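Chains as they are written, first to last, in the working numbering: chain D, -12 to 330; chain V, 2 to 347; chain Y, -17 to 630; chain E, 36 to 175.
These are computed hints drawn from the structure, not numbers from a lab.
Only a predicted model underlies this, so the values are computations on that prediction, with no experimental measurement involved.
Don't take every hint at face value.
Unchecked claim - In silico DSS-like links for lysine-lysine, alpha-carbon gap of 25 Å or less:
no., chain 1, residue 1, chain 2, residue 2
1, D, K(-10), D, K241
2, Y, K(-16), D, K241
3, D, K61, Y, K489
4, E, K112, Y, K489
5, D, K87, Y, K489
6, D, K171, D, K300
7, Y, K613, E, K112
8, Y, K584, D, K241
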Amino acid sequence: MVKLEELRKEARRLLAEGEVRCIIGYLRNPADGKAVPGFIRKPEEADALVWDPTCFHNLARFLVDEKRRKAREKNPDTRPVGLVVKGCDSRAVVVLLQEKFIERGDVVLLGLSCEKTGVVDERKLAKAVPGRALRQVEFGGEEEFLVTTEDGQVRIPAGDVLADRCLECPANFPVLSDWLQGEKTKRAPAGLFASVEPFEARSTEEKWDFWLTQLRKCVRCYACRSVCPMCYCDECVVDTINLAVTPDTTAEEKAQKIRWVEKSPVDSENIFYHLVRALHLAGRCVDCGECERACPVNIPLRQLNKKMEKEAKTLFGYDVGFDPDTPALISCFRDEDPQDFIR
Amino acid sequence: MDNILPKKDLSRWLEKMAHAAVYAPRLVDDIWSYEIVTDPGSVTLEYPMTAVPAKKIIFPQREILFEYGADGDSGPEIKERLPEDKPVVILGLRPCEARAVILTDKVFGGELKDIYYWRRREAVTLVGLVCASPPSANCFCLSVGGSPRSREGLDILLTGLGESYYVQALTPKGEKLVREGGALFRPPQPGEKQSAETIQAESEGKLSRELKDIEDVPRKLKGMFDSPFWDEESLSCIRCGICTYLCPTCHCFDINDEAVSSSPLRGRRVRTWDTCQFPDFTMHSSGHNPRPDKASRLRQRINHKFQYFVETWQCYQCTGCGRCISLCPVGIDIIKVVEKVRDHAS
Amino acid sequence: MKRTGVFVCHCGINIAGTVDVKKVAQELAKQPGVAHAEDYVYMCSDPGQNLIEQAIKDKKLDNVVVACCSPTLHETTFRNTAARAGLNAFRCEIANIREQCSWVHKEKAKATAKAEKLAKSAVRRVRKNEKLEPLSVPVTRRALVIGGGISGIQASLDLANSGFEVILVEKSPSIGGHMIQLSETFPTLDCSQCILTPKMVEVSKHPKVKLMTYSEVQEVSGYVGNFKVKILKKPTYVDPSKCTLCDECTKVCPIVVPNEFDLGLTGRRAIYIPFPQAIPASYTLDDKNCPSLFPIACGKCYHVCQPKAINYDMKPEIIEEEVGAIIVATGYDLYDKENMAEYGLGRYPDVLDGLQFERLCSASGPTKGQILRPSDHKEPKEVVFIQCSGSRDPELHCAYCSKICCMYTAKHAMLYKHHVPDGQAYIFYIDIRSGGKNYEEFVQRAVEDDGVLYLRGKVSKVFQEGDTLKVWGVDTLTGKKIEIDADMVVLAMAMRPSKGAEDVAKKLKISVDKDGFLAEAHPKLRPVESVTAGLFLAGAAQAPKDIPEAVAQASGAASKAIGILSQDRLFHAPTVAAVNKNLCTGCGMCVSVCPYEAIALKDGKVEVNEVLCEGCGTCQATCLRAAIQVKNLTQHQVHEMILACLGG
Amino acid sequence: MTEEFEPKIVAFLCKWCSSAGSDLAGVSRMEYPPNVVPIQVMCSGSISPLYILSAFNRGADGVLVSGCHPGDCHYIKGNMYARRKLALVKKLLEHVGLESQRFQMSWVSAAEGQKYTQIIKDLVQQLKPLGPQTKLRRID
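Extracted from the complex, chain D is given alone in its bound form:
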């Protein structure tokens, strides 16, 4: 069982002793009782830290901002940041290390184990307590959540409201951390790719109809990209103009900018965007599920990323986000890589 007080104590210590510049953790949003990312700098603020099943945000995302801040400021505070990580978040950190985007010393990882549960899916939760304003959600011990709404408290089996990605989670405790709370208890997942396999069984046309209706909804708010710790490029291939430009960028370099995809949210362009994103995340996506959660129009984006994760595993025996020293999926190969699809 994770002891929140321990986390607060460690956070307080780190800040008090100036070991970290700030702590990125979870605070409670009084308006809806859910957790929100919080940045604390003073030891006394540590008491506001929370840990509950609504801590679904992958805070590793903010390491990207942290790096940008250091690059921007004249003489930046280079102390590490304290980062509260779940299993999936810690794997995101591993990938960032693997890609040398950050250095191990840039971050102090405060690991929390999801133990036998995980985080909730807001939409499932809303259905479980229909029409009632949420006050708070807590871990209710063994595979149960304690949900408090405007009219009282109910116990809900975790399985009913757990986020899909938690149901398929291969590591429900941090694989990398400087400090760890909670037991490293492994909850046997429903099957690592339980959400992908049934879909694969569909016919080509069924698949297509599904994705057409789904991706047609996309408004290209790019929340999926913005919330993703792996989407740290200053300039995305689907951006239509140069963003990574400095005064000394040559006209030639600017002229090299390709408009692979138009800004128009029409079928072909939406699909192009999401396909490119899936490919760029192949071997990098740790399935923290944030893209799917953030999507305002419920596009099942995990279905794409999880498929790539599955292929990486089954075709190339590649596991994402466990070892910072392995080469990236597409920058290595095995002689026995399958080639039955090649004539």
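Take the given structure of chain D and dock chains V, Y and E to it, following the hints.
Okay, now just chains V, Y and E, sitting in the frame of chain D:
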């Protein structure tokens, strides 16, 4: 002249609108949105806030302004593509969204009328629905000059009374639409008018959120342009476009040429939504970006809604629908931000 | 917009026959940025090239596209043409409308449409081409030759005689290779050693040649003109400067092991000279077999050695050298005898392979040139020679023809008859391949003058019965089953790349073909070059060949190497990868995919070593941010080409 | 009488093996349908997944990528990286419901003009019944 429409006859009324494209709320896998009615029987007005506001109908996310092309030796030709002026009806619109239309009218109106916008605008009839209970936990229309029963911008206002709707035609457009319903409508009994008024009155008491005493905010904001406040408030912002794309009052757009082929030269000029929350919104080709970070972008969003717009149009550019709050992936809450501005020691 | 000129070649009727070249030119003329388009019967002809030059000048063209044959043929031609007219050579691109269009299609309309797309695609690419100047690097004017057989020796001599320093590395204690083991050589029957030893002496005494025997190449880095080589010098435990060749040591050495030089027909001591004419003429103490180098001390040789030339503590040395070019002449080995069980090789003492038979025939051999059976030293009266032992047998053995076996088997039979006039020589063959000067005549002599009996067919099995070897085979001409009671059987074993050649190939990053022979850059036009610049191939390492061919290829390789070494500076294609530092995040994925270690991380960004980069573009496809791009074939250009191909 | 559908195919050929193989097909005057427009790149390893998506986005009915056989790569191992990257592309395209025949990959050596010819013939034959590729295609 007010009327009563039995709920069971809603579909028949819709059938009579065959000449128009009718949009009504529909649930498409877990998401409510305004879609063209294909099956009148299935239409229900019992719905919460849609994710995408109705602005997408009058101000589509993408529209072709004109097509260009040149065949062989003849010089380039340009073909204007104005929206067809087929009548459009939006059914069950939330009063806050109708107010948003009024605000957008100001922007696309004035001495420089945007013909594309106005073509659609004039063709549309807005049939509103009183929010007897708030469609979202984050509704705060009352705090920004609106109301769950506001008639502003509406052609018809519907109030749900158990088995029927209390129908108030507010404009000639609205009256016309009611006339088309003909015998489906009947005059209300005194009791019905009574209860409609009660429902409308009570609707204002049900909002769970409010944003009080903000009269001074525009002035405050003026003084806070360079405040570190914005860095603090934007720390958790991930610079996505949800808050603005899904805001019924945000109206910024980008214009691009989409080349279809370079020989023969063929392409189109399109207008798409754009948002001040994207880094490319203010990016200069020199590499200079006047709004380089998310702090300046959050500031822009708040300033535009609570300072600039007020200075130009004497009203907030926010109708309190609460979408930006409910849908923000990191829980940034415009109410709290503005309250902090209000309470900011200047 | 840049002004592009398009030149459509008829290639006589080769292109014009199926492609409406006039229409292509007219269509292209309409393209944005195309300032000039014309067609001509032979663009590669002088008038054709003049017309391009003229147009470049008159129409002030910035770019040129020539729609003609494959770029592999005339790209250089037309780039030079452009350069003569004052354009940067890289402002010229080729559209291949012959090999990839006119020659493979029949319908004129469709072929023409495709040709237009190909030309448009080239136009849109060339428009984005950068002006590039070849990269130049200084040259280390020395060469490394790997392998001290006849090919290596010849190559070394040619290089040295042209005034270039050569390092000749041989893995065994003496140079000479397989040729020194041979008795007499076809078709002249002159003594192999007699013609080779002078060359061995010459190369070893040559002031420009640094001979390193009993040494192996351990590591090669760098690039054409500037290779860095690490050579492992194995310890011989004998100091040649002190050794007087008195041979006392071998007399006392208690260890006897099979003699490699006689292919096990004789034995040698643990301390030995490979063969009398070995060069260097110096003893080697083979540490695999000498007990003194193990705990159990023997020390006999040490004590008997007056000049104290023996030093058990000699250690392996690593010698580093810098060279500008490398010639690989690692030679061949015979097909492993284990693979020839059906013919009893290795099982029956009197079943020999070709090289063993050479030793038997050789005056310096175990029998001093008498042909006697290893088993009982009787003179064999019936000898069966089996050609294609392991060659031309895709099912069980090697698919290819080892090329020299027909000739040396004829020679073997002939030599046998000369030694044993009353003996009978049978040769089983699939067919006789005797292409080469005086080769066919040589085979005829074997048949007519020496009465060698040629039997067309394959031998199914060979087995011992008493002291005779039963050879069962079929004469496919008569269809009769043949049984021969032979005293000796000689197998013309297939030629394989020498053991360790593959290892050398890996170290040099040169590819090998499916049989393990070193791959030449082009089977016809670049037979002595490897695909990697500065690395050349000579001798049987590249494919089975006989002495004259090996020598010829060695000289060819040498002259190619000289072509490099005789320059002050080398030029390297400038179409290499370039990094956009604004986009690079330093993830290092490109670093790990680069086959040439040409990319390195430096303070959070990558940098390209342009001289190492071969421009393959694997980095370009790996980078998630398009931060690294190959010049003149950027993603932007490919994107343009895609649009052109799809008529966009 | 409607004209038979002629698929538009883009083929990315590596310079050293597949493009040379295609040249050989030409030199040997083998015949194949003109539906394929080749783009010569240095190495199959340089082919970005974006190229394939972009080709479909711009209206290709089929895309072929062809490189050197494993072990024969002029750049030692570029084709091995290509094999891995493009396997992912293929799986993804199939996952979203693009007909698997539309994206194909092959190993064609400089000596395999015959094989190249056959591949093109088969590709065109397989694509004809599928009709135009409209799924990923940009609307005009």
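Taking the hints in turn, this is what the structure says about them:
1. D:K(-10) <-> D:K241: violated, 53 Å
2. Y:K(-16) <-> D:K241: holds, 17 Å
3. D:K61 <-> Y:K489: violated, 48 Å
4. E:K112 <-> Y:K489: Roughly 15 Å between the alpha carbons, so the hint for K112 (chain E) and K489 (chain Y) holds.
5. D:K87 <-> Y:K489: This hinted pair is violated, its Cα atoms lying about 30 Å apart.
6. D:K171 <-> D:K300: holds, 23 Å
7. Y:K613 <-> E:K112: Since the Cα atoms of K613 (chain Y) and K112 (chain E) sit roughly 21 Å apart, the hinted pair holds (cutoff 25 Å).
8. Y:K584 <-> D:K241: Given pair K584 (chain Y), K241 (chain D) holds - Cα atoms ~23 Å apart, limit 25 Å.
Taken one by one, the earlier hints fail for this structure at numbers 1, 3, 5, listed in ascending order.
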